[in-house]
Amino acid sequence: MVRRLVVDPSKCVGCRYCELWCSYKHEGVFSPSFSRIIVVKDDRIGLDYPIVCRMCDPAPCIEACPNDALTRGEDGIIRVVDAKCNGCGSCVEACPYGAIRLSPRLRRPLICDLCGGDEPICVKKCPTNALRLYPLAEEDLSENEKAFDKAYRYALEEHKRLMRRWGLHVR
Amino acid sequence: MSDRIYGYAGRVLRINLSTEKVKEEPLSKELIYGYLGGRGFNVRRLYHEVPKGIEPLGSRNKLMFATGPLVGIGLPLGARLNVTAKSPLTGILGDSNVGGHFAAEMKYAGFDQIIIEGASRRPVYIYIHDGDVEIVEAEGIWGLSISKAYDIIRQELGDWRIQIAIIGPAAENLVLFSGIFFNVYRPAARTGLGAVMASKMIKAIVVRGDGYVEVARPRDFERFVEELEEAIYAHEQYWPRRSMGTSRILLAANRLGFLPAKHFTEPVVDYAFKVSGERLAIEYNVKNRACFSCILPCSRFYVIKNGELAGTYGEGPEYEALAGMTVRIGNDDLDYALKAIELANDLGMDIISLSEVIAWAMELYERGLLSRKETDGLDLSWGNMEAVLRLIEMIAYREGFGDLLADGVAKAAKRLGKGLDLAFHVKGLEMIQADPRGLKGYGLGFAVASRGADHLRSEPFIELSDNPDVGRRLFGEPEATLRLGVRGKGRLVAYYENWCALVDSLEVCKNIAENMEILPPSKMVEALRIVVGINMSVDDIMKVGERIVNVERAYIVRKGIRRSDDMLPRRFLREPMPKGPSAGHTIELERMLDEYYRARGWDPETGIPTVEKLEELGLDYVIDDLMSHGIRLKKASGSRQSSPP
Numbered sequence: 001m002v003r004r005l006v007v008d009p010s011k012c013v014g015c016r017y018c019e020l021w022c023s024y025k026h027e028g029v030f031s032p033s034f035s036r037i038i039v040v041k042d043d044r045i046g047l048d049y050p051i052v053c054r055m056c057d058p059a060p061c062i063e064a065c066p067n068d069a070l071t072r073g074e075d076g077i078i079r080v081v082d083a084k085c086n087g088c089g090s091c092v093e094a095c096p097y098g099a100i101r102l103s104p105r106l107r108r109p110l111i112c113d114l115c116g117g118d119e120p121i122c123v124k125k126c127p128t129n130a131l132r133l134y135p136l137a138e139e140d141l142s143e144n145e146k147a148f149d150k151a152y153r154y155a156l157e158e159h160k161r162l163m164r165r166w167g168l169h170v171r
Numbered sequence: 001m002s003d004r005i006y007g008y009a010g011r012v013l014r015i016n017l018s019t020e021k022v023k024e025e026p027l028s029k030e031l032i033y034g035y036l037g038g039r040g041f042n043v044r045r046l047y048h049e050v051p052k053g054i055e056p057l058g059s060r061n062k063l064m065f066a067t068g069p070l071v072g073i074g075l076p077l078g079a080r081l082n083v084t085a086k087s088p089l090t091g092i093l094g095d096s097n098v099g100g101h102f103a104a105e106m107k108y109a110g111f112d113q114i115i116i117e118g119a120s121r122r123p124v125y126i127y128i129h130d131g132d133v134e135i136v137e138a139e140g141i142w143g144l145s146i147s148k149a150y151d152i153i154r155q156e157l158g159d160w161r162i163q164i165a166i167i168g169p170a171a172e173n174l175v176l177f178s179g180i181f182f183n184v185y186r187p188a189a190r191t192g193l194g195a196v197m198a199s200k201m202i203k204a205i206v207v208r209g210d211g212y213v214e215v216a217r218p219r220d221f222e223r224f225v226e227e228l229e230e231a232i233y234a235h236e237q238y239w240p241r242r243s244m245g246t247s248r249i250l251l252a253a254n255r256l257g258f259l260p261a262k263h264f265t266e267p268v269v270d271y272a273f274k275v276s277g278e279r280l281a282i283e284y285n286v287k288n289r290a291c292f293s294c295i296l297p298c299s300r301f302y303v304i305k306n307g308e309l310a311g312t313y314g315e316g317p318e319y320e321a322l323a324g325m326t327v328r329i330g331n332d333d334l335d336y337a338l339k340a341i342e343l344a345n346d347l348g349m350d351i352i353s354l355s356e357v358i359a360w361a362m363e364l365y366e367r368g369l370l371s372r373k374e375t376d377g378l379d380l381s382w383g384n385m386e387a388v389l390r391l392i393e394m395i396a397y398r399e400g401f402g403d404l405l406a407d408g409v410a411k412a413a414k415r416l417g418k419g420l421d422l423a424f425h426v427k428g429l430e431m432i433q434a435d436p437r438g439l440k441g442y443g444l445g446f447a448v449a450s451r452g453a454d455h456l457r458s459e460p461f462i463e464l465s466d467n468p469d470v471g472r473r474l475f476g477e478p479e480a481t482l483r484l485g486v487r488g489k490g491r492l493v494a495y496y497e498n499w500c501a502l503v504d505s506l507e508v509c510k511n512i513a514e515n516m517e518i519l520p521p522s523k524m525v526e527a528l529r530i531v532v533g534i535n536m537s538v539d540d541i542m543k544v545g546e547r548i549v550n551v552e553r554a555y556i557v558r559k560g561i562r563r564s565d566d567m568l569p570r571r572f573l574r575e576p577m578p579k580g581p582s583a584g585h586t587i588e589l590e591r592m593l594d595e596y597y598r599a600r601g602w603d604p605e606t607g608i609p610t611v612e613k614l615e616e617l618g619l620d621y622v623i624d625d626l627m628s629h630g631i632r633l634k635k636a637s638g639s640r641q642s643s644p645p
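If you're matching them up, the sequences are chains A and B in order.
Read in order, the letters of the first sequence are residues 1 to 171 in the numbering used here.
Read in order, the letters of the second sequence are residues 1 to 645 in the numbering used here.
It is worth saying that the hints were derived from the structure and are not from the lab.
Every residue, glycine too, gets a C-beta built ideally from N, C-alpha and C.
Check each hint, because a few of them may be wrong.
[To be verified] For the chain B half of the interface with chain A, some residues (derived, Cβ under 7 angstroms), not all of them:
no. : residue
1   : Tyr108
2   : Asn183
3   : Tyr212
4   : Cys294
[What the hints assert, rightly or not] Coverage of chain B stretches by chain A, computed from C-beta distances (three or more under 8 angstroms per stretch; other residues unrestricted):
no. : segment
5   : 70–78
6   : 214–220
With the hints as extra help, turn the sequences into a complete structure.
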């Protein structure tokens, strides 16, 4: 089972604490430009939206790489094989979410590795609970769906979308 | 890099717009040890580089932006920036502090401090990215509001991550209390620095960088941050601040009886809830927003959902703007207050000063001292928001009666020849939204603050505890921490001024660092050891704060400021508070001043620092300079410490 980061943008306040600690954990320095999570902001309209690797399958970035420098593990994490990467940026172009950038220092793609998998630093540091790791367990709500009326079913459908933003795996 | 200074970008950028020359200078160790950053860096340089007699709106004034060593790293409270110049509003120290995301980006662009000299002949904006500087023609955006200019510059540069300092039409028209706005909603508003930027023909300053900041002791830093996170999250003020920011102060001020309602004639009002932060939280706020790297997101995005102003949205307001556009001008309509704040922001003005010039005119009008003819037909009855909205535009564009108010309340009263006693300012800077008769330490702070009437130079919040034990323990005087007490306030204010100078120089958030006491001097020392790698004692660092306050004092003393200028308007000294929990009180300023100068080691007759004090702080250059200006410095016998025992 693949786990990935789930974002609840309604909770994001745009502090970019995630960016800073991501760059520190991976690169040892504090800088949003070295972060694997990107908080898109537009202050005038109150936009704060964290963008992060969605671990697509099939992954356009892997397919676009001319040097086979990107590989996917069993955990679903997309990793860069440094020896093969020449910093061409094809993966950056290919990512449909704009979630990949090249590191300013080494010109290597910065792709979220879930900090190895168990406790991504961004999830740990987020002050508003806007980031979650999608869990392995799945919750089945279909019995509820059968038991109640149309109003409940509609409300539940909408609520499931919200629950998925909370990082829950619901069916 | 081996010569890298931990915690700092390590470089200073100097841009001369007259010659279009750009120069980079290394950040000197002497400056770091002596002044730490931000406000300290700026005031030290202002003292040297902007001598007496410089015209604030002339090309020889300098506009400086500086941040500090705790910004741009993952510390959960460091995001601030100081903007400094000689003030066109007051003629003395111009200085304002702002949060947001600009300061960190400036460091990633490579600079701890940016100094703008000279003046351009045509409108420009300055684009600073990764050490490069471009001066870009800005004819097309001159005249635009803050929000429009923000959108256009971002689209033109095609980069949403840029951080922008922008001026609006008010600054372009040289309104003397116009501010500099950082990405739309966050102003460095006080003391008229927008007009200084406009006088140099700069519409905006853009920063962007891919650089980074390192800390000296990473492992210790991780632990230190975790401790701070827990202290912040567990703090009793965390959730009230997160849900309301400073807007929560309005109801509290009403409870304690120090609101500035109807131009400081009503310390309590019966409609406080209607215009409160609590009501904003329930009916208007849609999300929270944060400064860079802050885990207490106290800023709020609001939408007006009902009524004729439905669809108006924006960020804020904080207490000062909220109380300024409601109680101070006698307005109980929250929707119209938000509209007025949005308008004043978008045109680019300091709402504290704005609220004073409007409230002053309203009091004169209500008393029959100002006629409708003199106001160009505006009915300035308390709370007439239609007139207020019109007047805000007239001030920004200097039309008719608005032109008079655009110079600030002190000059307006002089020009009008009326209402001089009712012009509520200190040293030319308009008073904030708190009545000093109900908050006496704050009142002393307003009187002595180096930039004029303002709470942020000292912020002696601890007197709100009304706990005599605290005062006895910290200042040897129980009254020091009683809101309506008098004795001990001199020591209290001197100590908090020194601490606030450190907060503004490390460029951390004053709400979290000082009001919530998350970063007392002992923690600042620890932060400096871990982040920068320098070892200072608590005494050492308090000396830095004291040094900054003394350089600022010397700067304004050089401009002629003396004890007689450390004054409050007559109403607060003579007219007893009319009602509420502070009823009957005036402010006993002279007694508090005597104690303050003693605590400072300044001559109590003149308010000038003594030779001993300046020597003790290593300010020999200040001694020489003041003497060269013919200022006599006294020798004190036994100058006392200002720090608590």
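Hint-by-hint comparison with the structure:
Here the hint on Tyr108(B) is kept, as its CB sits about 6 angstroms from the closest CB of chain A, short of 7 angstroms. Hint on Asn183(B) holds. Least Cβ distance to chain A is approximately 4 angstroms, under the 7 angstroms limit. With its C-beta approaching chain A no nearer than about 3 angstroms, Tyr212(B) sits inside the 7 angstroms limit, and its interface hint holds. At its closest, the beta carbon of Cys294(B) sits 5 angstroms from a beta carbon of chain A; the interface hint therefore holds under the 7 angstroms criterion.
Against chain A, the segment 70–78 of chain B contributes 4 residues with a C-beta closer than 8 angstroms to a partner C-beta. That satisfies the three-residue criterion, and the hint holds. Look at the segment 214–220 of chain B against chain A: 3 of its residues bring a Cβ nearer than 8 angstroms to a Cβ of that chain, three or more, so the hint holds.
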